[in-house]
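> Chains as they are written, first to last, in the numbering used here: chain A, 1 to 415; chain R, 1 to 131.
Treat the hints as calculated values from the structure; they're not laboratory data. None of the values given here were measured: they were computed from a predicted structure. Note that the Cβ used here is the ideal one computed from N, Cα and C, for glycine as well. A few of these clues could be false.
[What the hints assert, rightly or not] 30 Å max Cα-Cα, derived BS3-like pairs, lysine-lysine:
{"hint": "1", "chain 1": "A", "residue 1": "360", "chain 2": "A", "residue 2": "379"}
{"hint": "2", "chain 1": "R", "residue 1": "40", "chain 2": "A", "residue 2": "163"}
{"hint": "3", "chain 1": "R", "residue 1": "22", "chain 2": "R", "residue 2": "2"}
{"hint": "4", "chain 1": "R", "residue 1": "2", "chain 2": "A", "residue 2": "163"}
[Stated by the list, open to error] Chain A stretches covered by chain R per the calculated footprint, using a threshold of three residues with CB under 8 Å from any CB of chain R:
{"hint": "5", "region": "24 to 34"}
{"hint": "6", "region": "111 to 122"}
{"hint": "7", "region": "142 to 149"}
{"hint": "8", "region": "387 to 396"}
Letter by letter, the chains look like this.
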Amino acid sequence: MNATPTDVQAEHLLRELAPQVLGAVVRRFRDFSAAEDAVQEALIAAATEWPYQGTPEHPRAWLIQVASRRMIDHVRRETARRNREAESMPAELVAPTAGIETEQDDTLILFFMCCHEALTSSSAIALTLRAVGGLTTGEIARAFLVPEATMAQRISRAKQSIKASGVPFGMPCGTERTQRLRSVLHVLYLIFNEGYTTSVGPQLQRLELSQEAIRLTREVHRLAPDDCEAAGLLALMLLTDARRVARTGPNGELIPLAEQDRSLWDQQQISEGVAILSATLPKGSVGPYQLQAAIAAVHDESPRAEETDWPQILALYDLLQRMADNPMVMLNRAIAVAMVRGPRAGLELLQALDRDGRLKDHHRLDAVRAHLLELAGEKEQAIRRYQAAAGLTASLPERNYLLTQAARLRESTSG
Amino acid sequence: MKYILMMNCPRNAYETFGSMSKSDIQAHLHFMMNLNRSLKESGELVSAEGLADPRQALVVRAGKDGTPVTDGVFPEAKEFLAGYWFVDVESPERAYQIAARASAAPGPGGSPMNMPIEVRQVMSGPPQDLL
């Protein structure tokens, strides 16, 4: 069955309302775990009923009412179980509590809860997509290619961890707020990255995780407009995702940046990313996401690969490296160095990474070395490194790309 | 990250297993059921299957016109795949931990069988942006 425009609109509306409804229900009943289940049931009820009965005039109120009814049933059951004398429900459980926080804060608090550092990253990802993203367990399970029952368990365990951590449903302040926001951004970054696997598996059934990550990051940016890194991450996602179509060939094969058809890049998305970044950088609170976005912007704004402003990219990597001791940054910086000062200079930096040891057995180190060796004219060594990298990667399209590179070089040597 | 944990057994293992005492067989099955249940509850299980007796197995190759040509299993093969777990875990260490637990499944007299479990990563990772 094809989705009609109205179905799509209804789905968008539901997913937009999901965190607002959950925030309201948690505020009223306090029990995050049960409220989350109740809202999920309300969303499913809406998805089945609205297409036939029409969207209610006040969809948000409708959802809150249905979810609240489920919650009252839940509380009654719990009370009956705990207290066989069937005493009436405590009034405080049904009376809405007047909070100082606004609805917007509620959504942000939900983000904070779902991305709490007590959770493993896979649990945080799943819970965020369900509680804030408004996706069903089945949709999330399909996106990650695991059975629905397994995903349901992951979500339920995540909620148990939140309960056990005793974190209250409230807005953290000061440095803790910034710290918790960092965890949220990291989880959204992971969801975005996971979206790249869409070339694997039946695409039509798979949710566009990158799109969902962008939607949720947009939401965080709206709720925390003063946080420069939230803006930076949104810009980074837009500027990276702008190349999506050009990034893979007709058979799902990877196409490296230098060989992509740049006319396929999404100019509207690039403009939006650049605009966000330009509005953010002057605020002076520069962080790693903003710098990575700035690097992506330099690539995106270059009409041809040969015209890439590598000195500027190198300057940005210098800043990034000073900010965080990250071997991946060192590796990417080595590429920029090679493009500015020649492949030998880049290869020298890789020796420092060999000694560093953190990227030992990481395919990216071999892949970059292969590329720089090729640029330096060391074909035999480059072939060996491409092959070594192919043996280490866990991505099928990437392995195929690396093996093809090795084969191409072999043929050019013998021919 | 996804891993497949492959439990290999010697070719006579199915016979050995069948000749264990009733309580030993039950203890073994109980152990495996518990393992699978706990992997499901931890949200890590993708799938798990046990394979039928290798004596029923056939080796198939494409014939001249693509039709299947069957043969008995390799008589020289010492080990067979007895079953596998397909898990989605946070780290390779976690996959090794699950494999070690499976390897310790009880055999005759309830002592751990220490079966070799081959742990292989499934190629499901996201590709990174290439040069």
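> All the hints need checking, so say for each whether the structure fits it.
Structure-based check of all given hints:
no.	hint	verdict
1	360/A - 379/A	holds, 23 Å
2	40/R - 163/A	holds, 21 Å
3	22/R - 2/R	violated, 35 Å
4	2/R - 163/A	holds, 28 Å
5	24 to 34	violated (count 0)
6	111 to 122	holds (count 3)
7	142 to 149	holds (count 5)
8	387 to 396	holds (count 4)
Of the numbered hints given earlier, the model fails hints 3 and 5; all others are met.
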